[in-house]
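Spelled out from the first residue to the last, the chains are:
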Amino acid sequence: MQKILNKRIILTILVLGLLYGSIQNLIVQGKLNPYYEINLLLIGINIMMAVSLNLINGFTGQFSIGHAGFMAVGAYTSAVLTVKLQQPFPLAILAGSLAAALIGFLIGLPTLRLKGDYLAIATLGFGEIIKVVFVNIEYVGGASGLSGIPHITTWNWVFFLTAFTVVFIKNFINSTHGRACISIREDEIAAETMGINTTKYKVMAFTIGAFFAGAAGALYAHYFYIIQPNTFNFLKSIDYLVMVVLGGMGSITGSVLAATALTIISALLQRFAEIRMVIYALLLIVIMLFRPQGLMGNKEFSLSILERLGRGEKHGSVSSK
Amino acid sequence: MKLSKKVALILVLAFLVTIAGGCGGSKPAPAPAPAPAPEKPKEILIGANFELSGNVATFGISAVNAIEMAFAEINAGGGVNGIPLKLVKVDNKSDTGEATNVATKLITQDKVVALLGPVTSTNVLGAVPVATQYKVPLITPTGTNPKITVDDSGKTREWAFRTCFIDPFQGFVGANFAINTLKAKTAAIFIEKNSDYAKGLAEVFEKTFTEKGGKIVAKEYFVTEDKDFRATLTKIKAANPDVLYVPSYYEQDGLIAKQARELGYTKPIVGADGWDSEKLLQIAGAKALQEVYFTNHYSPQDTDPKLVKFVENYKAKYGSVPDALAALGYDAAYILADAIKRAGAPEPAKIKDALAATKGFVGVTGSVSIDDKHNPVKGAVIITFDKDGKQIFKEKVNP
Amino acid sequence: MEDLLIFLQQLINGISLGSIYALIALGYTMVYGIIKLINFAHGDIYMVGAYVGFFAITKLNMSFIPALLTSMVLCSILGIIIERMAYKPLRNATRIAALITAIGVSLLLEYGGMLIVTPQPRAFPEVFPQTKISFFEGKVYMTNQQLVIFAVTLILMVLLQFIVYKTKTGKAMRAVSFDKDAALLMGININNTISATFAIGSALAAAAGVLVGIYYTSISPLMGIIPGLKAFVAAVLGGIGIIPGAVVGGFLMGIIEALVSGYGASTWRDAVAFGILILILIIKPSGIFGANIREKV
Amino acid sequence: MALLAVNNLTKVFGGLSAVSDFNIELHPGELVGLIGPNGAGKTTVFNLLTGVYEPTEGTIQFNHENIVGLKPYEITQRGMARTFQNIRLFSNLSVLDNVRIAYHTHVKYGLTSAVMRLGNYYKEEEEMTRKAIEFLHIFNLDRKKDEIAKNLPYGEQRRLEIARALAAKPRLLLLDEPAAGMNPQETHELMNLIKWIRDEFKLTILLIEHDMSLVMGACERIYVLEYGMIIAHGTPEEIKSNPRVIEAYLGEEVAHA
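Protein sequences appear in the order of chains E, H, S and C. Just so it is clear: in the first sequence, position 249 is 248 by numbering that gives the first Met the number 0, and no numbers are missing. Just so it is clear: in the second sequence, position 324 is 323 by numbering that gives the first Met the number 0, and no numbers are missing. Just so it is clear: in the third sequence, position 200 is 199 by numbering that gives the first Met the number 0, and no numbers are missing. Just so it is clear: in the fourth sequence, position 187 is 186 by numbering that gives the first Met the number 0, and no numbers are missing.
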């Protein structure tokens, strides 16, 4: 059994390596147009946001709609470190992620007692409060934003951090800690009486989600030269929520697919300036009407599906026996 | 039901495929290498990177409408040096990251020779590094933040230009007018917190006003989305200033003037070119506009045929009177066309040099010369309103 | 004395702003009460209401009351159409799917509206002349429009209370809101009841739109986003699903905002408003008027 | 020495006493029934014992420790597990995962080894899965381990819930109407199963049940609750003949049994 799992790990690494290698090759040879590169980076950042939000919304079942707030914390913290304090980029990313995680922890502790729509509106409120706080700090440029951020984020950074995020959250979910989170989504009271410290796991999911949103924010800030509080407004949070729901609540691969697809659609629609948002709106409505459970539902598309098909096993729990 | 669902799905898919196809088609397919002979190109591609959706879409669309109109006029007159201009219009969602993204797309995908836009300073700051990196000139019609054309070390950014006032000038003129003409001793400033334009003007106004011996008795803020300013205005009124300085755009300005008057504030209100719009009168009403003054590039009583024609054409085409953003966008388009003409060839570097050498260009917002900081040098006028709320000329100020 | 008068003025400012939140919150709270959907498009129906009123007055030369009624009727139809097309198929789906659809409808109305009426703000005509009322030797001001909006809010609240508690439709609404399946078994036409709720909610939004048009004189396609959000917060504040709660929540929001702007810093206004909301939610999650419901184990 | 000793337990909901002056003592290895008419407060007692509700008054000593004020998960960690009257499975998860989640408190690997797949992760996951399948096997559910819980037939859902509770390795098991909705044949099998697991796992069991045949047949002692108060307590024989109990039940069910 150890062997099978190791085989799977090797396979995962192989696929990731192949993906990385082929794109890296294109970049090195100068065949990848800078515009495609930007959108590739955006896809990575959006995947980080969507997957981390899915941990909170889809897996733990806590309805959060203030995810852009954590992105803002990560973006600002990291930018202050590189711009104002001349610290190295890796330290800035780490600090940004940790700051976002800390804020997530502090917010999560009191608010995660709330349920459903009430939690949603509280997280929305916190997202807006974070925005207002940045608007009022002149040190980071206030409402007009912090400019002059060095352009350090590269495809390498984005690729490895995105892969790290996805693997981290996937492994988390497939552990007893992750299952504890899922049990909260399924039935909080039953989870509690099965010995699961629901508050701890809700806050843990929230903190981990915020951590990766912070990392995504740091990458974002160091690619786009300037950040301002309004970039991280509630519509941005909604964008990520849409990715999660569209991909399927509780499906990591779903989030990855949806983040990729929506980023590409958004880029394709840039040309259709006036009707861009109309098309986007129609797409949302139509997809939800036809597939309210999202593209993937709570299923995962993974290499192990092929494996299982080969062994004639059914979908469901990953019993690696 | 089932069937109609399927049909709908197919339609949507077809729609998407068409769009995707359309995009693919419009891409400059791996062209057989850059045309070797400097033959006359068929058209000159200009990129428009504007806020066409999102929270400042109003401004972006206003500016881009005027630019499209200007391009149509230029092309009707035979284009530039006989080559028609083509505007590649792309939406940046009023988002700085998207502004960077769009600028990259326009330059590397569509191969435009110059960029127009965006309108807000923050978004322009997201696009300027791209223009610099790929060496394509960028003109913002309305980005007032000094940092756009000058970097942190004080060096002029080679590829960035603007055709609007930078913050200092209008704030300076407004403060002088308040002190000298209105004999104000105290002033209150009401600032749009998330507008670089308003913040910049307010800063200079405050500096000039206090240097000349005036006193700022209240400094308050609002955000663009606000519609109700009564609470803050009540606070301002209680400070009893001789003059209230509000350097924002007409929608907020109009509401502020109206609500200030409703709360019994009767003293002068001073603003800047953002006040210039026919809608201001409709929003505020003539009564509220008594004792209101603002600095502007030109006077509407000006019978300059160019201006009259612009206003008429815009009205005919878009059904509304152009505002300051439209006028500035229109001029930016013409200044660019003029530079391309003088450059002789539609090549980014030549256009950039020609832009930097712009002297005495006469547009609808006055005469423009570009200085060594890539800012326009324009004269200013002070406008006020008559009993019916019609704009009238008050005095002229030269730089 | 002077300070007291300024406080009084701020209170008037707050109540007049709060009336608008309350008007929008009424419709929000009704729709939420019955199908537990945060109808994000509600703020946009308010925008459509303002535009219908605008065109009724400027193009069809209607006077205030007919324009108001036209707008209310058209928006109720719009509300019903939206419900039937976009929300009804999702009634048994997850609530989050319905929420995303609501966001889609909201964007569609905003940007579809922008295509049709252009994004430029429009100036609403002055349908009834404004008169200024001053008290305490011109130290405190108020306008007749503020009075009208305040009165309309209260009248609509009472009317709604009446509809919900005294009419047959209202009883059906309460039944559906309490238990959809049981209501169905009792012979209540759930579809019609939900449509009626949307119709009433949208008509309220339309009324708010027209009144706001008159009050602020400026309307634009994106005008519904912020008031919609604030109104929803107000509805939660008062206890969502509870009609007087929405009105009290609206007034409270307005007053809080006015006092923060007037005595604190206006740029912290939204943070304080949301902060209070979160505090109230944590102390009393069901809002000021809501009854705490214990989950049955 | 008593495993569970409850003294003077009272719960008031908005002025109404759901449970008042409730006293009970359970000794290791006992199988005790708690019966009473609908609305007598039986499930409330369970909710108080497991920490879902906090008592208004009274003490609960579990294994010589006062557990009043502890969170439900803390009480479970101290060795008390339960099932629910209205089945509360993790309904979108597989049968196996339902049981594995209950095993959570006994897993030792931390967050880091989970994410990095280091240390004992594989060993413990494997162990957990093996144990979970063992429990499923006892309840004859092992062949359905990959089914989604909500797709199981009703009786199997009941059994799964008990299996899940067992996986938490309790010393005291609280079963809330385990036979509800089962036919007599199934009920009979369940009764034997309950007795068997009590012996096999050395459990103490407190059982709420409406089915008198099950209660009378399985339990050694019975408490009778009415209007939140204990009205009788004794062996099945004593209860059957207690006039107050017969009155409370209108004679019917008890006489039948």
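Rather than coming from a laboratory, the hints here were simulated on the basis of the structure. Among the hints, a few may not be true.
What the hints assert, rightly or not - Listed next, the in silico EDC-like pairs over lysine to aspartate or glutamate satisfying Cα-Cα at most 20 angstroms (straight line):
| # | chain 1 | residue 1 | chain 2 | residue 2 |
| --- | --- | --- | --- | --- |
| 1 | H | Lys266 | S | Glu136 |
| 2 | S | Lys170 | H | Asp150 |
| 3 | S | Lys131 | H | Asp150 |
| 4 | S | Lys283 | E | Asp116 |
| 5 | H | Lys316 | E | Glu273 |
| 6 | S | Lys283 | C | Glu185 |
| 7 | H | Lys134 | E | Glu36 |
| 8 | H | Lys286 | S | Glu125 |
| 9 | H | Lys278 | S | Glu1 |
| 10 | E | Lys169 | C | Glu123 |
| 11 | C | Lys70 | E | Asp116 |
| 12 | E | Lys298 | C | Glu188 |
| 13 | H | Lys218 | E | Asp186 |
| 14 | H | Lys386 | S | Glu136 |
| 15 | H | Lys226 | S | Glu125 |
| 16 | C | Lys70 | E | Glu187 |
| 17 | S | Lys138 | H | Asp150 |
| 18 | E | Lys83 | H | Glu67 |
Every value quoted in this text rests on a predicted model; they were computed, and no experiment measured them.
These are the hints, each one checked on the structure:
1. H:Lys266 - S:Glu136: holds, 18 angstroms
2. S:Lys170 - H:Asp150: With Cα atoms ~67 angstroms apart, Lys170 (chain S) and Asp150 (chain H) exceed 20 angstroms; violated.
3. S:Lys131 - H:Asp150: Violated, because 51 angstroms separates the two Cα atoms, which is more than 20 angstroms.
4. S:Lys283 - E:Asp116: holds, 14 angstroms
5. H:Lys316 - E:Glu273: holds, 17 angstroms
6. S:Lys283 - C:Glu185: violated, 46 angstroms
7. H:Lys134 - E:Glu36: holds, 19 angstroms
8. H:Lys286 - S:Glu125: Holds, at roughly 13 angstroms.
9. H:Lys278 - S:Glu1: Judged against 20 angstroms, a Cα distance of about 36 angstroms means the pair is violated.
10. E:Lys169 - C:Glu123: holds, 18 angstroms
11. C:Lys70 - E:Asp116: Roughly 25 angstroms between the alpha carbons, so the hint for Lys70 (chain C) and Asp116 (chain E) is violated.
12. E:Lys298 - C:Glu188: violated, 36 angstroms
13. H:Lys218 - E:Asp186: violated, 53 angstroms
14. H:Lys386 - S:Glu136: violated, 26 angstroms
15. H:Lys226 - S:Glu125: Given that 20 angstroms is the threshold and the Cα spacing comes to 17 angstroms, the pair holds.
16. C:Lys70 - E:Glu187: holds, 13 angstroms
17. S:Lys138 - H:Asp150: violated, 49 angstroms
18. E:Lys83 - H:Glu67: Violated, at about 41 angstroms.
Against the hints set out earlier in the document, violations occur for numbers 2, 3, 6, 9, 11, 12, 13, 14, 17, 18.
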